[in-house]
Each structure stands twice: as structure tokens, then as C-alpha cells.
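Now for the letters of each chain:
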Amino acid sequence: MNWINFEYYFGFVLLFWLLGIIALIISYKKNSAIHIANILFFIGWGILISFVVKLWIQLDRPPMRTLGETRLWYSAFIPLIGFITFFRWRYKWFLAYSICMSALFLVINYLNPEAQSKTLMPALQSVWFIPHVLVYLFAYAVLSASCIVAMKGVYDLRKKLLKTSTIALADNLVYIGFSFLTLGLLFGALWAKEAWGHYWTWDPKEVWAFLTWMGYLIYIHYRYFHPNKSKQALYILSVAFIILLVCWFGVNYLPVANNSVHTYTQ
Amino acid sequence: MTKQKQHNLWETPWGYVESFIIGIGLMIAGFAIEISASSISALTIKFPYNLIILLSYCALLFVAYKWFSNVQLIRWLSKVPAAISSITLVTIMVLIMGIIPQAPSDNNFVNLLGLNHITTNWAFLLILLVFLTNLGLVTIKRLLQFKASNLGFILNHLGLFIALTAGLLGSGDLQRLTIETRESQPSWIALDEHNHQVELPFAFYLNDFEIENYAPKLALVDNETGKLHFNEGKNLYLIEKGNSYEFGDFQIEVKDYLESSGRIGDKYAAVNEIGSPPAALVVVSQQNKTLVEGWISCGSFRAQPQSLKINDQISLVMTIPEAKKFSSDVSILTKEGEKINTLLEVNKPYKHEGWKIYQFSYDDTLGKWSNISILELVKDPWLPYIYIGIFMMIGGAIYMFWIGNKKLKPDNDELD
Chain V
1 MNWINFEYYF GFVLLFWLLG IIALIISYKK NSAIHIANIL FFIGWGILIS
51 FVVKLWIQLD RPPMRTLGET RLWYSAFIPL IGFITFFRWR YKWFLAYSIC
101 MSALFLVINY LNPEAQSKTL MPALQSVWFI PHVLVYLFAY AVLSASCIVA
151 MKGVYDLRKK LLKTSTIALA DNLVYIGFSF LTLGLLFGAL WAKEAWGHYW
201 TWDPKEVWAF LTWMGYLIYI HYRYFHPNKS KQALYILSVA FIILLVCWFG
251 VNYLPVANNS VHTYTQ
Chain F
1 MTKQKQHNLW ETPWGYVESF IIGIGLMIAG FAIEISASSI SALTIKFPYN
51 LIILLSYCAL LFVAYKWFSN VQLIRWLSKV PAAISSITLV TIMVLIMGII
101 PQAPSDNNFV NLLGLNHITT NWAFLLILLV FLTNLGLVTI KRLLQFKASN
151 LGFILNHLGL FIALTAGLLG SGDLQRLTIE TRESQPSWIA LDEHNHQVEL
201 PFAFYLNDFE IENYAPKLAL VDNETGKLHF NEGKNLYLIE KGNSYEFGDF
251 QIEVKDYLES SGRIGDKYAA VNEIGSPPAA LVVVSQQNKT LVEGWISCGS
301 FRAQPQSLKI NDQISLVMTI PEAKKFSSDV SILTKEGEKI NTLLEVNKPY
351 KHEGWKIYQF SYDDTLGKWS NISILELVKD PWLPYIYIGI FMMIGGAIYM
401 FWIGNKKLKP DNDELD
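As you go down the protein sequences, you meet chains V and F in turn. Residue numbers are given in our numbering: position 15 of the first sequence equals residue 15, and the series is strictly consecutive. Residue numbers are given in our numbering: position 128 of the second sequence equals residue 128, and the series is strictly consecutive.
Just so you know, the hints here were simulated from the structure itself, not pulled from any lab data. Hints should not be assumed to be uniformly reliable.
Result set (DSSO-like, lysine-lysine): computed pairs, CA atoms no more than 30 Å apart in a straight line [claimed, not checked]:
(1) K348/F x K118/V
(2) K118/V x K255/F
(3) K118/V x K267/F
To list a few chain F residues with every Cβ distance to chain V over 10 Å, as calculated [unchecked claim]:
(4) E18
(5) F20
(6) I35
(7) T91
(8) T119
(9) K147
(10) F161
(11) R176
(12) E180
(13) E199
(14) E224
(15) P384
All C-beta atoms, glycine included, are put in the ideal place defined by N, C-alpha and C.
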């Protein structure tokens, strides 16, 4: 069977979020509507989380093995980042983006139904599995948020409207995302030592994870020493995100993918 | 990338253009060595030479920073343009690794430049040396000017430096052996990566090898191509007695399921012999109309598989069960006559006399009836130092998350 009742949860989440987006648009005219928008977003998010919990219980294993399952986690994390940045910096557009992004990933999952497969290969049965995947997906969610900030930054730059607060937001997100990326990478190394006998084997996924890490490393160093060169920094950030996407989805399609230990979706 | 002021090439201090010229020049030199010399690598240096090299390198960095920091080369190596250019060039080399399979190739260009063994490629090693030297120099600088606010910087940079140097230079001392153990037999001859025999100072006695399987899955296949039909094979369902499954508009009910069975005529019955595969009795219907009923089995090394033809295009098959868990109950017999019992499992290695012993593999043609178990033994004396580096970086990452980026430097190229 496919994920049981996913379509109902999916429907309700989208309904609440659609109403929330409408409220958010109204809030540009009437500011108090933003509270209603937030409540609607939050209810939708709660329904989504309850689905994740239910799926975990039904599968008897952490739902983190297949691409569809990682997309589900991404959908769960990105609104959280939207809420936090909203309460911290009051960016409505960013909240709307995170909700839309999450909805998009739910739609992708809805259109690509996956079997509710309970199997989990022995190499994945480890205490490191959950921290490794969750830390990574949280990092991906934060860094994709930083990419959208970068795109807005490039747009603002064209219009000569770039505010320092926009690039400061990108910096904050990259610092948070990068620290999680580092943790994910290192947890992976510690786990690999236990499972395969070596902490680093240049497996294709490892290569691309390393490249992703290096991409953000370049951004951080560039920003640190050239805080006034916003344009180049914004482009570096966009390229780093492209590498991240290759690492997450693209590796499977590269000629190097044949022997990767990270391809778990048959 | 050049600075705002008028800056002529090679006018000191060197900027980005010079940095990239030096870096790319080194890489070209590295490729030239690849072309002219057969590939030998710095990575096979063994103890104590690797330790001597590491200590001299660190001493050299210290001396260079302390007494020669006004030399143009050292000044350049401890600044931002060298950092950003070497990070970028290392990234480009790794990018090649991420695109070109690191395996024997029949492409002349790839072979000529050694693009299929980047980790031991001279171009990579040379640019990595620039990267490490830069990293080492800035770390020494911060260590000597220690402030509490530098803690995150030191954890990240020193941690990376330790992990990288220990990993690179220590790889010459890394030993990875595999050993095939048979049930009720002692084994002490292992094989290294080049299939040379290595005698172990202890023996393994395999008491029992066990595999626990998941139930097999149901799948629809195309009769002609043999490919998985319906939703690109994403929907494969674990077989469970009494359950019904939907594949498009087919309903499939499992009336009976035998974990271990033998074929009798056109039926299957429960038997418990070596090589007896699982089998299931299934009913396929469409719009509540029964189409076909019969047995399917995935077969084994002794038994033929059995599929059920639904119509001219598709058949129902059972997939080979996936392993849920495999484990070896082994005794380690030492020369002193000691006997240590342990259970080896994937993700649960055992430590003995500096070796880590892993459950590695088994005879997968026999599957759950395998009576051999392949173990892997790994000895990595440099591991503690790599772990020190890794844990420092974990600390650095947590620090970075907590503190974030409080301050940005003004636009000058100083690394402090």
C-alpha cells in the first residue's frame, strides 16, 4: 500500500495553507490578518507533523530511507524555519515562501506515490541514522531558504534596492545551515567508521556532500573578508545551492552513481 | 576579483589574480608529473616516516610564521586570496572526482591526466598542500594570539587541520584485511587489498552464521522485457498472509504464505530444508472478478522461481527477500589459548588488539543458507587523532550555530 491516508492529510494541510496565504496577502492591507495567517499555517503544519509521526509508527522504522521520505522531512522542516525567521525578523515574504516550498514538496510526493516499505537494510540500522539524516535535512531546508534570500537579493540589487538586512538574513541562515551541514557530514563519518570500517571512502554522495560543504565555505570566507561585495557573494550562494541540489537529487543521475552506498531507493 | 586600487600583476601584496595563477600553475605542474611519471603517491608513506614528515611540516609552518612572515611567499600563504583560491581549486578537483568515475577508464585523456584517481593525483596533492599550508599558518597565528573569542575559529580550523593531516599521512598505516570464516572451522589467514595473504596473530572460529530476512515482496513485471511494471517499481509490497494489495486496478490477495516451502506437483507445501524458498498462494482480481489464482515463489539456489501470468502483458512475481539482519557468532582464539566469544553484526564491530572487526559479507548465492561469513579487520593507528579533529569541528559547528556571525570584517584582506 502507499502511505496510508496521505491524500487526506495532504488535502487538509493544503487547504489550511491556502487560506493562510490568502490571509497573508490581506495582511498587506490590513496588518492584523497576519495573526490569522499564522494560526492557519500552524494548524496545517501540525497536521503535517502528525502524519510524519503516524508514518513513523506504521513503518516500524524511521521514515528516512527513500527520496520521498526525505522530501517529507523537508516539507516538515521548512515551515519551522519560516516561523522562526518570521518571529525573529518579521519577513512575511519569507514565511510565504517557506509555506509554498513545503507545499510544493508535498505535491511532488502526492504525484509520486511511494510504497510503504518497511524494509531497512542492516547498514542503516544504527543509532546514527536519525541524527545524520535529520541534521542534514534541516541543513538543506535552511540553506535552500538562504538561496531564496540570495535570489531576492539579486533581484533587489538589479533594482538598486538591496538592503543590508537582506544579506544579513542570508548570512544568518548560512551560518545556521552550515553548522548543521558540518554536523551531518561528521556524524556520517563517525557512522561510516562503525558500519563500513572507514570514516571517509570518497563515495559519490560523500564527494558531493564535501563539495556542498566547500561551496558554503567559500561563501562564508568571501563574506567575512569582503562584506561590501554583495553581488559576488550572492552569486556564490546561488552556485553553492546548485551543488547542494546535485548532492541531494542529482548524484543518482551522474555516471559516478553506480556503486554509491547511498542509493537506497531501489 | 582584483582590488579597487590600480594593482599591477605581481605587485605585492599578491591578490586574487596572482593567487589563481599560482594555484593553477601548480595544478598544471601536477598534471605534467602525472603525464610523465607513473603514479606514485605520498599517501603510502608508513610509520615512522609519516610522523617525521608531519612533525617537520608543522615545525616548518611555525618557523615560517614566526621568523619569515615578511617573506612575500609566506605572507601570501597566510592571507585571504590564497585561502579562497585554494579552497576554490580544491573544490574544482573534487568536482572532477564527483563527475568522472574513479575507476579504470578507457578514455585516453582521463588516463593521461590521471583524472580517474584524483585522491592520489599530483595536481590535487599540490593544491591541497597550498590549502593545508594556508590553513596551518592562519591557525598558528590565531593560536599565538589566543583570545576567548577565537575559540570557534580555532576549533574549526585546527580541527580540520588535524583531521586532514592525520587522515592523509596516516593512510599509509591503515590496514584493511578480509577473512573468510567457515562454520565449525578455525581461520587465521586473511587477505589484504591486493589479495596477499596475511597471517593473523589470532584465529576466528565461526560458531554460527545467521540471517534474518524480511518477507519477500510482490511485483508486477512485463512479460517481454522482464522490467518492473507499474509505478516504476516504487510499489513493492511485503507479502503477508491474508493481506490484499492494489496495483493500479488489480487487487491481489495473499491466501497463504509459506516462509520455507517445497514444490509438490503444481502446489507448494511447508518443508524445512536447505534451499527451500518462500512461496505464496495469491488471487488476482479486477473489478471484483477473479482473473487467476496460483502459487508464486522467488526460488533459491536450489529451486526454480515461479511466477503467475495475469495476462499476455504482465505477470506477478515474488522478489528475493532482503536481509534484515545478519550476524556471526564467532570465537576469537588467541595464541595464549584464550577464547573470546562475540556476536558480530553490521554496525556493531568488535575491538580486539588494535583491530576493529566487522561483519562484512557472506555467500550471497546461498543467501540465508550461507555457511561462510566474511569478516573485515581494520587497523588505523591514526584514528584517535582524526577523532580529535572531528570532535573539535563538532564543537566548532555548535559554537558557530550558537554565536552565529556577530561580526564582519571590513573590506581589507587581513586574515586575523
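For each hint, the structure was consulted:
1. Taken as a hint, the K348/F and K118/V pair is honoured in the structure, with Cα atoms around 22 Å apart against an allowance of 30 Å.
2. A C-alpha spacing of about 21 Å is found between K118/V and K255/F, which places the hinted pair at or below 30 Å, so the restraint holds.
3. At most 30 Å may separate the alpha-carbon atoms for a hinted pair to count; K118/V and K267/F meet this at roughly 29 Å.
4. Under the 10 Å C-beta cut-off, the non-interface status given to E18/F relative to chain V holds; the minimum distance is some 16 Å.
5. Residue-level check passed: F20/F sits 13 Å from the nearest beta carbon of chain V, beyond 10 Å.
6. A cut-off of 10 Å between C-beta atoms confirms that I35/F is not in contact with chain V; the least separation is 23 Å.
7. Non-interface call for T91/F relative to chain V: violated, since the shortest CB-CB distance, roughly 4 Å, does not exceed 10 Å.
8. For T119/F, the non-interface assignment is contradicted: its Cβ lies about 6 Å from the closest Cβ of chain V, within the 10 Å cut-off.
9. Once the 10 Å rule is applied to beta carbons, K147/F is consistent with being away from chain V; the minimum gap is 17 Å.
10. No beta-carbon of chain V comes within 10 Å of the beta-carbon of F161/F; the shortest separation is about 14 Å.
11. Consistency note on R176/F: stated as away from chain V, yet its beta-carbon is not over 10 Å from all of that chain's, at 7 Å minimum.
12. With a minimum CB-CB distance of about 16 Å to chain V, E180/F clears the 10 Å threshold, and the non-interface call stands.
13. Under the 10 Å C-beta cut-off, the non-interface status given to E199/F relative to chain V holds; the minimum distance is some 20 Å.
14. For E224/F, the shortest C-beta to C-beta distance to chain V comes to about 21 Å, beyond the 10 Å cut-off, and the non-interface label holds.
15. Consistency note on P384/F: stated as away from chain V, and its beta-carbon is indeed over 10 Å from all of that chain's, at 12 Å minimum.
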